[in-house]
Amino acid sequence: MNGQYIPAINTDNLDAFARGVRRFTTGIDEAGYQAALDWARAEVTARSVPLLRLNDLPRGSFCSLSIVGSAAALSELLPEGNEALRAIRTLERWVGTEFQGIVPLNCSGENPLISAAAAAASGKPLVDGDGCGRVLPLLEQTTFTLHGISVGPIAVATPMRDDLILDAPATRIEELIRPIVAAAGGWAIVACYPMSAEQLAMAGLPGTLSNALRSGHPDFGPDPLVSRTLCRGTISGIEYPIQSIAGQPRSSAAGTLPSAPVSILISESAEPRSHLRLEAHNEIFLALADGRVIASAPDQILILNPRTHEVINLENLTVGEPVHVAMVPAASPAWKTKQGRLLMQLSGHAVEGFYNLSEDTMNEGAP
Amino acid sequence: MRERPSKDLTVSDLLRDVMGLGQAFGGDFTGAARSVQIVDSLDAISVAHPHTVLVLTESLASSGWRVEMALRSAWERAAACVVVPHSPVHEASVGALADRLGVPMFLSHENPFQVAVRVAAAIAQPEATRAALLARVAHELAALRDPMPRQIMAVLERALPQKNIYFTGPDDGVLLGHIVTDHRMESTQLLVTDEHRLTIGTLVVQTPPDSPDSTGKIEEVLELAAAAYSLWAARTRSHDERAGVRSSLLLEQLLSGDSEDYQLLSTALGWPAGGPFLMAALGLTSASQATVDPAMVFRSFWPRRPDFSPLMRYKDVWIGWYRLKGNAPIDDDLKAFSKIVGTVVNKAANTVPCSAGVSGCFSSMAGASQAILEATTAASVAVAVAGRVVLAGQMGPEQLLATLPRQAMTQPARMVLAGLLEADVDGTLLKTLACLLDVGLAPSLAAQQLGVHRNTITARLQKIKDLGYDPGDPRQRLALHLACTVLVPGI
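Chains A and B, in that order, are what the protein sequence lines are.
The numbering of the first sequence is this note's numbering, which starts it at 1 and goes up by one.
The numbering of the second sequence is this note's numbering, which starts it at 368 and goes up by one.
None of these hints come from the bench; they were simulated from the model.
Keep in mind it's a predicted model, so treat the numbers as computed, not measured.
Watch out, some of these pointers could steer you wrong.
Stated by the list, open to error - The calculated label-pair distances, taken between Cβ atoms and stated as ranges, are:
{"id": "1", "chain 1": "B", "residue 1": "A498", "chain 2": "A", "residue 2": "P306", "range": "43 to 49 Å"}
{"id": "2", "chain 1": "A", "residue 1": "E310", "chain 2": "B", "residue 2": "A491", "range": "54 to 60 Å"}
{"id": "3", "chain 1": "B", "residue 1": "Q481", "chain 2": "A", "residue 2": "R178", "range": "38 to 44 Å"}
{"id": "4", "chain 1": "A", "residue 1": "R273", "chain 2": "B", "residue 2": "A445", "range": "19 to 25 Å"}
{"id": "5", "chain 1": "B", "residue 1": "D410", "chain 2": "A", "residue 2": "P306", "range": "33 to 39 Å"}
{"id": "6", "chain 1": "B", "residue 1": "R602", "chain 2": "A", "residue 2": "I238", "range": "38 to 44 Å"}
{"id": "7", "chain 1": "A", "residue 1": "T318", "chain 2": "B", "residue 2": "A445", "range": "24 to 30 Å"}
{"id": "8", "chain 1": "B", "residue 1": "R551", "chain 2": "A", "residue 2": "T318", "range": "42 to 48 Å"}
{"id": "9", "chain 1": "A", "residue 1": "R273", "chain 2": "B", "residue 2": "H545", "range": "53 to 59 Å"}
{"id": "10", "chain 1": "B", "residue 1": "D410", "chain 2": "A", "residue 2": "D167", "range": "38 to 44 Å"}
{"id": "11", "chain 1": "B", "residue 1": "D410", "chain 2": "A", "residue 2": "R273", "range": "41 to 47 Å"}
{"id": "12", "chain 1": "B", "residue 1": "A488", "chain 2": "A", "residue 2": "R178", "range": "51 to 57 Å"}
What the hints assert, rightly or not - Covered by chain A, per the in silico footprint, the following chain B stretches (three or more residues, Cβ under 8 Å):
{"id": "13", "stretch": "432–444"}
{"id": "14", "stretch": "458–466"}
Cβ coordinates follow ideal geometry from the N, Cα and C atoms, glycine included.
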């Protein structure tokens with residue numbers, strides 16, 4: 001069943017799909033994830049979602065879809081179920097064209113589930129691909145941007161029934177959207193990156209949704225999610241920078257990431273019993289073993305429960321907890337180019353200077 | 368020990384000489400420090416030369432991961448050490464990595480640029496740094512004014528970090544510090560002597576393998592400390608000479624079971640260490656009416672030798688002891704010591720009538736209490752005759768009886784022996800009776816002592832019995848013996 005063509009997301013494979021997309025996350029809010037899955041199940045039960053391969057797209061326009069804000073808020077302020085459809089329709093009206101399909105902004109956690117729900121609700125196919133190959137914190141951090149496709153204009157649909165269009169430079173989008181999300185109750189759905197089929201075929205990362213599906217159940221083919229074990233050990237310490245001590249996260253000032261930086265220290269349980277340091281700010285962006293880089297963003301670094309092999313949320317880590325640290329290579333070589341690293345460059349305190357490291361240093365630990 | 372070129376300043380030197388290098392990690396401070404580099408980016412370390420002191424700027428050191436990467440690069444570049452601006456957040460974790468990699472790392476509260484300038488100055492002038500070290504040690508010792516051993520040791524430990532230092536007494540027993548039993552350690556030692564060139568002890572510095580510090584430098588520091596130890600011992604003894612009580616107080620402290628600081632202070636006072644010993648007690652005879660201080664007289668004749676303790680007052684006698692040679696029979700030592708003690712009391716007796724007692728052999732000062740009892744008892748027996756020395760091991764009834772107050776007992780004694788004295792015109796019978804009682808009524812021994820035939824003794828004993836005196840009768844024996852001792856002294 002290797003490379004088996006998967007024509008659609010339907011009730012038969014939705015659960016495997018949901019399990020698979022979960023494996024690509026750095027951490028997940030369980031309640032938000034369940035709310036997104038319930039949403040997808042409701043829509044997919046009514047109508048299955050055809051999957052379009054990137055090299056087989058019909059002519060026409062496409063858009064990307066994403067949830068913005070906190071996934072945890074999704075479980076507190078439940079969706080009406082029309083938010084994604086409203087966002088797509090609003091963007092279609094603004095750009096003056098009907099989209100031929102929807103591509104998830106990323107293939108991790110809640111986003112592909114909500115994209116599947118939106119596709120089912122709108123009767124549009126879902127593109128088997130995404131713009132990240134994983135999840136990244138900012139809207140403009142996509143391979144679409146790397147290929148010159150603008151994130152805007154974007155349509156925002158809130159659970160408060162607000163529909164908005166933001167037509168602004170890409171560098172302003174994040175700054176504008178955060179207060180809107182806060183006013184909307186903590187989350188919203190955005191339709192963005194309006195693009196042609198040719199642009200999507202060139203910029204999208206192919207097959208990531210079917211990969212997730214295979215990753216979620218062996219019936220759909222061998223697990224394509226190849227990870228490299230970095231360490232098995234025990235958490236020996238958790239450090240918070242002075243500017244963001246535990247329990248008092250730094251304010252989300254303009255240009256900063258919407259979370260606090262944290263360092264996780266791990267004692268390897270087997271020889272050579274290395275001293276590991278994982279640096280995280282929204283995601284784990286760096287892994288050091290005895291001061292040597294063994295993995296770094298854009299490769300994805302995950303902390304797993306050694307028993308269940310599920311990702312452990314960073315905020316749930318405790319000192320003394322046994323963990324398994326794994327690395328999933330970046331989905332696209334585009335992320336390792338100079339432009340890819342520049343796009344990754346974040347302005348949070350803890351990561352300041354990280355992307356200024358020489359390429360030699362950063363590639364040292366590459367598999 | 369290997370001598371290094373003097374131009375090589377070590378990390379250890381920097382730790383000691385460059386103020387502002389705070390808490391240290393990494394363990395190995397023996398590497399040479401030949402240059403300094405201010406590091407404001409991780410890539411800058413990749414061009415650092417070996418043996419470079421890397422001083423991280425505050426911005427670079429603001430995150431633990433950057434410090435850890437800097438430590439790793441420092442390890443790969445064989446840097447001398449890394450100086451990191453202090454951060455309470457990642458102090459423990461980066462310190463653990465420095466320990467693991469063995470990269471010396473210092474947490475500094477000072478401005479990194481100022482630290483770098485001081486390090487550069489120290490590296491540029493290593494000889495001046497070394498001279499500054501000696502000057503600082505000398506200054507610290509001088510500042511002690513009345514140096515005490517532990518204070519001197521503390522100065523040494525500050526001056527010679529990462530080394531093990533201890534001080535032994537003349538018998539090689541450790542008085543301060545402890546010995547590290549690692550055959551790889553190299554030792555530098557210096558004998559500490561007093562003003563008479565008698566050994567006070569030995570200062571020993573144990574240096575880890577491949578230590579960059581030269582023996583010469585260690586010896587220079589030790590010489591300064593040795594002078595301070597000599598001064599301490601001289602002052603202690605001088606004080607004791609003047610006051611004459613320090614040794615007595617220490618002896619009483621020892622006898623009361625309080626041994627704190629005993630080893631150290633006894634060394635300063637010149638007490639012989641180790642053992643075994645013989646104890647002497649010198650006392651004034653009952654007829655003594657000295658007009659000068661007996662202590663001054665005794666001390667002027669008492670030997671000043673490393674194997675003789677100083678003479679010290681204990682109750683109404685003066686105590687001193689001698690450490691046996693250990694390679695001669697104890698009897699020989701006992702004779703030699705008794706002879707010396709005899710010489711002392713004989714010479715002193717011209718000014719202050721005195722006598723002495725000598726104890727049996729005791730193995731250590733833990734047995735001093737019993738030895739003093741023996742010596743003082745023997746001395747109390749000896750008081751009957753000025754210049755006399757009685758050995759505790761050879762005391763018999765005659766020695767004890769000799770201590771009786773003769774004057775008071777003369778009249779009662781004459782009453783006890785009235786019948787015999789009346790018949791004994793030339794005193795022969797009295798002398799024979801006294802001798803028989805002293806030798807346990809053995810006629811042969813009495814004959815031998817008095818130089819007469821055994822039968823003569825037997826005949827005289829019969830005459831004595833005929834007069835009503837039977838020394839074999841338990842009811843009469845003690846009274847007869849006491850009376851004879853009082854009336855026939857010196858037998």
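Going through the hints against the structure:
At roughly 60 Å, the beta carbons of A498/B and P306/A sit outside the given window of 43 to 49 Å. A hinted range of 54 to 60 Å holds for the C-beta pair E310/A and A491/B, which are about 59 Å apart. Taking 38 to 44 Å as the suggested C-beta distance range, the pair Q481/B and R178/A conforms, at roughly 43 Å. Checked against the given bound of 19 to 25 Å, the beta carbons of R273/A and A445/B, roughly 23 Å apart, stay inside it.
The given range of 33 to 39 Å is respected by D410/B and P306/A, whose C-beta atoms sit roughly 36 Å from each other. Between R602/B and I238/A, the C-beta spacing of about 58 Å breaks the proposed range 38 to 44 Å. At about 39 Å, the beta-carbon gap between T318/A and A445/B misses the expected band of 24 to 30 Å. R551/B and T318/A have their C-beta atoms about 43 Å apart, which keeps the hinted 42 to 48 Å range intact.
In this structure the supplied range 53 to 59 Å is violated for R273/A paired with H545/B, their Cβ-Cβ distance being about 32 Å. A beta carbon spacing of about 41 Å between D410/B and D167/A agrees with the range 38 to 44 Å that was offered as a hint. Range check, D410/B to R273/A: about 29 Å between beta-carbon atoms, so the 41 to 47 Å window is missed. The hinted window of 51 to 57 Å between A488/B and R178/A holds, with their beta carbons roughly 52 Å apart.
For a cut-off of 8 Å, the count of residues in the stretch 432–444 of chain B with a CB near a CB of chain A stands at 9, and the three-residue condition holds. Under the rule that three or more residues need a Cβ within less than 8 Å of chain A, the assignment of the stretch 458–466 of chain B holds, with 4 such residues.
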